[in-house]
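Engineer: Heads up: the sequence lines are chains Z and F, in that order.
Read left to right, the first sequence gives residues 1 to 295 (my numbering).
Read left to right, the second sequence gives residues 296 to 569 (my numbering).
It should be emphasised that the hints constitute simulated quantities derived from the structure, not laboratory data.
Just so you know, nobody snuck in bad clues.
Partner residues are not named here, just some residues of chain F that face chain Z (Cβ under 7 Å, in silico):
{"id": "1", "residue": "A301"}
{"id": "2", "residue": "M302"}
{"id": "3", "residue": "V373"}
{"id": "4", "residue": "L410"}
Capping the alpha-carbon separation at 30 Å, the derived lysine-lysine pairs in BS3-like fashion look like this:
{"id": "5", "chain 1": "F", "residue 1": "K380", "chain 2": "Z", "residue 2": "K257"}
{"id": "6", "chain 1": "F", "residue 1": "K380", "chain 2": "Z", "residue 2": "K3"}
{"id": "7", "chain 1": "Z", "residue 1": "K149", "chain 2": "F", "residue 2": "K385"}
{"id": "8", "chain 1": "Z", "residue 1": "K3", "chain 2": "F", "residue 2": "K476"}
{"id": "9", "chain 1": "Z", "residue 1": "K3", "chain 2": "F", "residue 2": "K460"}
{"id": "10", "chain 1": "F", "residue 1": "K385", "chain 2": "F", "residue 2": "K460"}
{"id": "11", "chain 1": "F", "residue 1": "K476", "chain 2": "F", "residue 2": "K460"}
{"id": "12", "chain 1": "F", "residue 1": "K460", "chain 2": "Z", "residue 2": "K257"}
{"id": "13", "chain 1": "F", "residue 1": "K385", "chain 2": "F", "residue 2": "K476"}
{"id": "14", "chain 1": "Z", "residue 1": "K149", "chain 2": "F", "residue 2": "K460"}
{"id": "15", "chain 1": "Z", "residue 1": "K3", "chain 2": "F", "residue 2": "K385"}
{"id": "16", "chain 1": "F", "residue 1": "K380", "chain 2": "F", "residue 2": "K460"}
{"id": "17", "chain 1": "F", "residue 1": "K385", "chain 2": "Z", "residue 2": "K257"}
{"id": "18", "chain 1": "Z", "residue 1": "K149", "chain 2": "Z", "residue 2": "K257"}
{"id": "19", "chain 1": "F", "residue 1": "K380", "chain 2": "F", "residue 2": "K476"}
Note that the coordinates shown come from a computational prediction; the quantities given were computed from them, not determined experimentally.
Think of the CB as a built atom: it goes at the ideal place given N, C-alpha and C, for glycine as much as any other residue.
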Amino acid sequence: MVKFLQRTYVFLIFAFLYLPIAVLIALSFNASRSRGTWGGFTLQWYVELFQDRVIMNSLYTTLLIGACSALVATMIGTAAAIGIHNARGWQRRLVMNLTYIPVLNPEIVTGISLMILFVFSKVQFGYMTLLLAHITFNIPYVILSVLPKLRQLNSNLYEAALDLGAEPWYAFWRVILPEIMPGVVTGLLLAFTLSIDDFVISFFTTGSGVSTLSITVYSMARRGINPKLNALSTIMFTAVLLLLVIVNVRQAREERKGRKENEQQEVGFRIIGTVDAAGIDPERVQQEAGNPLRI
Amino acid sequence: MTRSRAMLPYVVWMTIFIVVPLFLVIYYAFTTRDANGTALTLANFQRAFQPIYLKVLARSLKLAVFSTAVCLLLGYPVALIMAGKAFSRKSTIMLLFVIPMWMNFLLRTYAWLTLLERNGALNQLLSRIGLPTLNILYTDYAVILGMVYNFLPFMILPIYSVLSKIDQGVIEAASDLGANKLVVFLRVVLPLSLPGVVSGIIMVFMPALTTFVISRLLGGGQYTLVGNLIEQQFLVVGDWGFGSAISMVLIVLILISMAVMSFFEKGEEGATLW
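One chain only, chain Z, in its complex shape (with noise of 0.2 Å):
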């Protein structure tokens, strides 16, 4: 009985969740342009949603900016972590408090505090501005999910390479990276997420002509209903379920494959993982800082 009523409750919560996102994919097949009623099965809408050039235009920015902010914050990120990893004393405090001032900064102070910068440079608003912003709040969570990983590392291995001959670049390159792999794929995917989902930080940094996705939608949705921004919804909800399948298919391969050494690694982990993509993770701080730090 409490069991029944236990998960009646979580059901409860999972149609809270779910019912708003049902509703527009099944309004995104909607004919009838009124919400209330139901006009007959159409694929109008998809149509539409591709003949706009807005849109279209948009999915591309936002793609661009997130392939390319993505690769290059995943460069930087990795870098960064191996630089981390091997730093003692105030130098590795000093840079891990950096880390996380974008993390826990308000997206919007680190939107407009971008945004004087840029002007201040007198840099031209547009593409350039929008993927320096995009790397800048992307390359901390490329940090955080390579550096486990690199804890987990022998750090006997590097060593062993070395005296195998290996020169240091090499060692790192057949060596080092290879153990890493996980950990920077999983932060590549997370850059680019968080970046294709950003609102906030674009919205100041973007100039006239140039905008993402969610400007778009920002400024559709502020018109009103639009049935275009339903199936846009649907397509961008099964992309994302597709992707979400994909990572943690891999993700529970790689633990099957690490059970050994940290059983008790458990599921919240990985969770836990991919909720800071979509904000800050104040426990995963918390573990990583280890001393006070401030914005």
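Go by the hints and put chain F onto chain Z.
Structural biologist: Same frame as chain Z, but now just chain F:
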């Protein structure tokens, strides 16, 4: 170790794009510009503390506190149930809480626009089953609903993560020593879960306090929270000094609330500010 040099590009990058911009915000907040040049001033802060702006601040705080409380009340039982024995395959079910969060934030908020409209899906349903219709769009309630909807998983996940790590032996020990279920919960489970609760509160409260999107879309054009105020100052009015001052007030507010929260968390392995 020379390998620590690998973080150099990162440090340079973050200095340019994070540290310098923050100092620029501080600079703008404390200066005023006119024909005669730039001068130090506290006028921006004086203005930020005028009653009309204090009201905006108070309203933002009120809504953020309220939606955080709702998230906690709804979310804690979920986390508790999930950590218990009601479900097998917990990781899959927990994933179901994460999926909606990965859909674009704006589209999620937009979904409620469709639902809450005067002729929207919710009212159609209500009138069909003979209940009075609900017109809460463009009110506080809609904004709170939007916040709870968007941020609820942020409350559930950290609490669940802490609860599922609690050593079952401790709970068994408490019952063996004669504690009933309520006492076990109040004296053992609840205190042990506090770090998760604190994390959850921070993760909901912060975005709720600073959002300008939810208030703009669900609260309507005239609706102003502190986030909207900052946005207006930078993108509409162009008063960067005042906008920067409010941003600083916002940061201080967040720091204070974090310090307050960490006060409740004391005893958990060294009281860090978090």
